[in-house]
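Protein chains in written order, with this note's numbering: chain A, 1 to 269; chain B, 270 to 538; chain C, 539 to 807; chain D, 808 to 1076.
It should be emphasised that the hints constitute simulated quantities derived from the structure, not laboratory data.
Computed from a prediction, not measured in an experiment: that's the story for all the values here.
Be aware that a few hints might be false.
Some residues of chain C that are not near chain D, with every Cβ distance over 12 angstroms (derived) [to be verified]:
1. R657
2. N748
3. A777
Only pairs whose alpha carbons sit at most 30 angstroms apart, straight line, appear in this in silico DSS-like list of lysine-lysine [stated by the list, open to error]:
4. C:K540 <-> D:K941
5. B:K310 <-> A:K2
6. A:K2 <-> A:K41
Short, incomplete list of chain A residues facing chain B, as computed with Cβ under 7 angstroms [what the hints assert, rightly or not]:
7. F14
8. R27
9. E36
10. I46
11. E48
12. Y97
13. R113
14. P197
15. M198
16. M253
For every residue, glycine included, the Cβ atom is placed at its ideal position computed from N, Cα and C.
There are 4 protein chains.
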Amino acid sequence: MKLRVSCHLRFQVFENTALILMLRPFRGIQQIIYREAYIVKPLISILESTDSFGNGCQRLIASMGALLIHTSSEVLVPDNAAIAIGAQFIEIQNLPYEVLPFLLPSRYCESDRFGDLARTLTFDLSPGYDQVYKIVSWVRENIQYLPGSSDYPVSAIEVQQRGFGVCRDLAHLAIALCRSISIPARLVAGYLHNLQPMDLHAWLEVYVGNQWYTFDPTQTHLQGGRVVIAYGRDAADVAVFHQFGLGCLLNRMDVWVDYLGNSPFIKTL
Amino acid sequence: MKLRVSCHLRFQVFENTALILMLRPFRGIQQIIYREAYIVKPLISILESTDSFGNGCQRLIASMGALLIHTSSEVLVPDNAAIAIGAQFIEIQNLPYEVLPFLLPSRYCESDRFGDLARTLTFDLSPGYDQVYKIVSWVRENIQYLPGSSDYPVSAIEVQQRGFGVCRDLAHLAIALCRSISIPARLVAGYLHNLQPMDLHAWLEVYVGNQWYTFDPTQTHLQGGRVVIAYGRDAADVAVFHQFGLGCLLNRMDVWVDYLGNSPFIKTL
Amino acid sequence: MKLRVSCHLRFQVFENTALILMLRPFRGIQQIIYREAYIVKPLISILESTDSFGNGCQRLIASMGALLIHTSSEVLVPDNAAIAIGAQFIEIQNLPYEVLPFLLPSRYCESDRFGDLARTLTFDLSPGYDQVYKIVSWVRENIQYLPGSSDYPVSAIEVQQRGFGVCRDLAHLAIALCRSISIPARLVAGYLHNLQPMDLHAWLEVYVGNQWYTFDPTQTHLQGGRVVIAYGRDAADVAVFHQFGLGCLLNRMDVWVDYLGNSPFIKTL
Amino acid sequence: MKLRVSCHLRFQVFENTALILMLRPFRGIQQIIYREAYIVKPLISILESTDSFGNGCQRLIASMGALLIHTSSEVLVPDNAAIAIGAQFIEIQNLPYEVLPFLLPSRYCESDRFGDLARTLTFDLSPGYDQVYKIVSWVRENIQYLPGSSDYPVSAIEVQQRGFGVCRDLAHLAIALCRSISIPARLVAGYLHNLQPMDLHAWLEVYVGNQWYTFDPTQTHLQGGRVVIAYGRDAADVAVFHQFGLGCLLNRMDVWVDYLGNSPFIKTL
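If we strip away everything but chain A, and leave its shape as in the complex, we get (with noise of 0.2 angstroms):
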């Protein structure tokens, strides 16, 4: 399908203040974009680098005063995410060397602490996707899905904890659990068409069968229309904007997805 995403950001600016942005859809992936704007109000001099992961990210000083950023891009996605039961568990000395830090713990991800549940959740399965099946399944049912119900990123540990989460935090459980079993899990931020309440999105992508696919904790049934923004091993890794000290304040996010009409040729990734 065809897809026009947008956010429009606005922040108060008190003093001179470092932003590191990650706000175009990614490239390099069955997502065509064939067209993009990207405008900053005012104009200032932006400065675009690329990380490990593949993200673009944007780097900027803001002044004092408002800052408004808008961006907008017309997208080609897939109308369906693919689903492989019984895709199997890939052992270690067979996954390509850039997957590799998706198997290990991160800042918001403790796998190294959900080694006992997560045996437990999957024991009696086979290795690979359905185990990841079962995992997302269990968060979706043990953890509330609340929108809005958190400011700043918390961990998987502190997820479990407190019984509810922003789409982020069930991701970033699921995560957890399924590096626990050696299985290479990322986050990926972006935006998702029909979101109620509309806003960014955040699910995750596992590698199984030689090739990443998508779960959504938040979703039973799993949807297509996804706008991919970013990759990364955790929130941490791919915060839409990450800011410098305290010297500015985000006052507004808007997101919009618009349907723009069918494609005929992507139908599934």
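Based on the hints, put chains B, C and D in the right spot on chain A.
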């Protein structure tokens, strides 16, 4: 200044043909891309990746019939290109490692065969920028710049024998001469404001005084208003399109560079 | 000085187990490796790769029985580690892009929770080296260094609560504090000449004044004679060995650092 | 099999000269380096880095007088090189992106000029391995292999005109022919067990059937016992030593490959 740069390609395709294109303005340098369109008709699947020089590449399979590619970007770029008389030669030991490939001979820059000429031209000059300045002046004075004079790239040796060439040819010869005295040099493909006749353009950058400096053997006065598309060792690395096999033909290419106004904050790189 | 550094690992393997090891001295910095041995018994297939930090990794599948890994290297290293009182904080905008990951919170360095403490410790100091010096001194004075006191990594928050730790723990806390005031900091795993008791060691480096500087919260006087094995955001990135599953056990690890003589040409980094 | 490979270089240095060397066996493939020595006399500072192909490079400044470099490694390598009659051509769209550079023309492999010859040789063959087999046989039969016949690299066009060459020259011509029909091909520099006369060796690898396969136009029967030093587009990328300026001279190079015994676990790659 603000520029809108556009390139329109029209292919006739006789049988399924793979193409690799480099048509998006380069990211990660002091040019800010704030709007971009990338339209392919008919809609086909495109695979984006980034090569080892940081260039964005688009891979696609063209199907029988007409293929139209239309790219357009609005970009902020410096009004002037920096000049740095006296900037010093950087010892090999002190070059950043990502600069090293630009010391080696390459397909169209046989720097292993130009040492005698380069030393003759530059032996009495301060090592670095001033040597390059001399080399580029020598190319300008000895190789006639004839836009449209060649259909396919020829190498520095061939350019010198022939005595004339397109922008790319003059750049290749200058690059070969610079590298032959251990000055890193790279080819730049891009757009140039006010180029006559309008077309895509190619020039070179050399690494002296701890940064890359622009040189253009087709111009007596070094202009700003440059939008970089890609960097490479020579035209083999930065072909606007690379076609695999004989299954298609570029029928027409149109290029526009429109001045959109002053930009207050980028004066000189 | 010239050092011979050796590490001997003996595993008991109960079932086929994947391991990722980091045991070779790091390449690409001012330490010259002129002899190296890497012996695995029994002989098994090893897959080497380089991670995004430049660390060499060895992947292997350990089979049932004993597994012995013996590495030994002869290396030239600086006699002293540089000290740079007054070296300036580098603005985010001016950091090389490969330094940026070391600003983010990570598994064992929850820098997003240490801003208040770091600002309290350093508010009256010149931004940069002097702040780090204060932070590291504070860690040394407030966290008891107890070699052998922990079996698995704990995080900076846990270290602060606990009040004691191994070299890695003290480094993690210092790193979290530095990053929380936007100073890039990374964990270093390596060998240290004259360490008592001899073991593998961990310390930190911070990026100020446009280069990385060594700090070591376990020492009152900063020693040279350091051989770097690996760099990372924290111990999750630079585990000497990372074991997948519960199928093997490290029975014994022996470490030696032997002084082989003076080296005339590397004095200080 | 187990091999000990050694290379001894002796330079006479007239004035300070920068050198970039590639002399360590390549890491990250199915060859296990279990001992390595890298001795430079006099002891001088060496800067190691990894190029975009994964090759380890050593940069140094040679000072006036004699410079001796002695490298020696003990390595486990496959007894045989795989042969794969019928392995299929991989469509451009399906090539891993890191393979793409090996499709382009390069300094010594002017693949943009060999399409007619390559198509004539291979038009009636199944696309892929069988075409390469034909090309390599044609090179073997038409270009005389004369070890020691050239001091510096010449290009595929020059090799074809001349009708004879060293191992590197034959490989360059075969590579140019393969690339001209869109088969990725790369030059390999390394050691070969039982080579007569003993020297460093060069051959090629091509990417078909989703992996790299070894070809050697100097041999009628494809031997195993190969230790890879470096990969590249051609000899410009993989020079054993690259000297900047005229300030030094290689007086002597000695190469040994010693058979150390059978290795039970690596039979064929």
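Worksheet entry | Hint numbers contradicted by this structure | 4, 7, 12, 13, 14, 15, 16
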